[in-house]
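Trainee: Numbering-wise (my numbering), the sequence shown opens with residue 409 and increments by one.
Because the hints were derived from the structure by calculation, they are not lab data.
It is possible that part of the hints are untrue.
What the hints assert, rightly or not - Beta-carbon label-pair distances, calculated as ranges:
no., residue 1, residue 2, range
1, 595, 413, 16 to 22 Å
2, 470, 439, 30 to 36 Å
3, 422, 549, 31 to 37 Å
4, 445, 587, 52 to 58 Å
5, 442, 549, 42 to 48 Å
6, 511, 544, 44 to 50 Å
7, 449, 627, 32 to 38 Å
Ideal placement from N, C-alpha and C gives every residue a C-beta, glycine not left out.
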Amino acid sequence: PLNFHSPYKARNIADFWRRWHMTLSRFLRDYLYIPLGGNRRGRFRRHVNLALTMLLGGAWHGAGWTFLLWGALHGAYMVAHGLWHAALERWAPAWAVSGVPGLRRLAWPLTFLAVVVAWVIFRAADLPSALSMLRGMAGLNGALLPEQIIDALPSLGLVASGTGNVAHLGDGTVMGFVEMTLMLVAGMALVWWAPALHELRNRTRYLLVLPCGALALQQVLYGRASEFLYFQF
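Use the sequences and the hints to build the structure in full.
Mentor: Here's what the structure looks like:
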């Protein structure tokens, strides 16, 4: 059965959970959310049930604080989404269906960012490691520049304070930095605009080209085997 349906194309967190690990989502719904009362006991209780369901879903992955915080964070996301949607239904019903003009384009990147932040916590060895990674993602650990640019800064009267080279993201040259950036952009474009493999069943000409291209891009970007996220759970 279909278990993942392009989850990173989701435009809100509820849509993400309709696309991500569908069997887990159905399990959480049928055996946690509904027994807790679901949405049958008012809006406030519905939000509490959502938060508890996601918290317990985090605990299902493991007993570590990172898993619990991941679940709590997704619970907060779901509650925030529910409150936002309820406000739109009350004050602007048309926007609740079509989306707020001018903000629809931000829906996908905001959802993607929220999910990525939660994944950092989920995959970190411990909370300090997660916070360190998030600080780096926010640029609070300084900037990473190609080595050639760092070497050229003193001749321009500039001090390379708080910078480091990006040799670990390529060969440390400007071209290596550009190539890596282009590959990351290409990967994002592939995730967002390319159809999912199960949508290509009747488009035989893509069935060979697209998977080969995706595998080649994965090999270039990562270059080593990656353990499946739910291995040994």
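Trainee: For residue 595 and residue 413, compare the CB-CB distance with the range 16 to 22 Å and indicate the outcome.
Mentor: holds (19 Å)
Trainee: Given a hinted range of 42 to 48 Å, is it respected by the beta-carbon distance of residue 442 and residue 549?
Mentor: holds (44 Å)
Trainee: 31 to 37 Å was suggested as the range; check whether the CB atoms of residue 422 and residue 549 agree with it.
Mentor: At roughly 33 Å between Cβ atoms, residue 549 and residue 422 fall inside 31 to 37 Å, so the hint holds.
Trainee: Does the Cβ-Cβ separation between residue 449 and residue 627 fall within 32 to 38 Å?
Mentor: violated (51 Å)
Trainee: Does 52 to 58 Å hold as the CB distance between residue 445 and residue 587, or does it fail?
Mentor: holds (53 Å)
Trainee: Do the beta carbons of residue 511 and residue 544 sit within 44 to 50 Å of each other?
Mentor: violated (28 Å)
Trainee: In this structure, is the beta-carbon distance linking residue 470 and residue 439 contained in 30 to 36 Å?
Mentor: violated (18 Å)
The structure is inconsistent with the numbered hints 2, 6, 7, although it conforms to all the rest.
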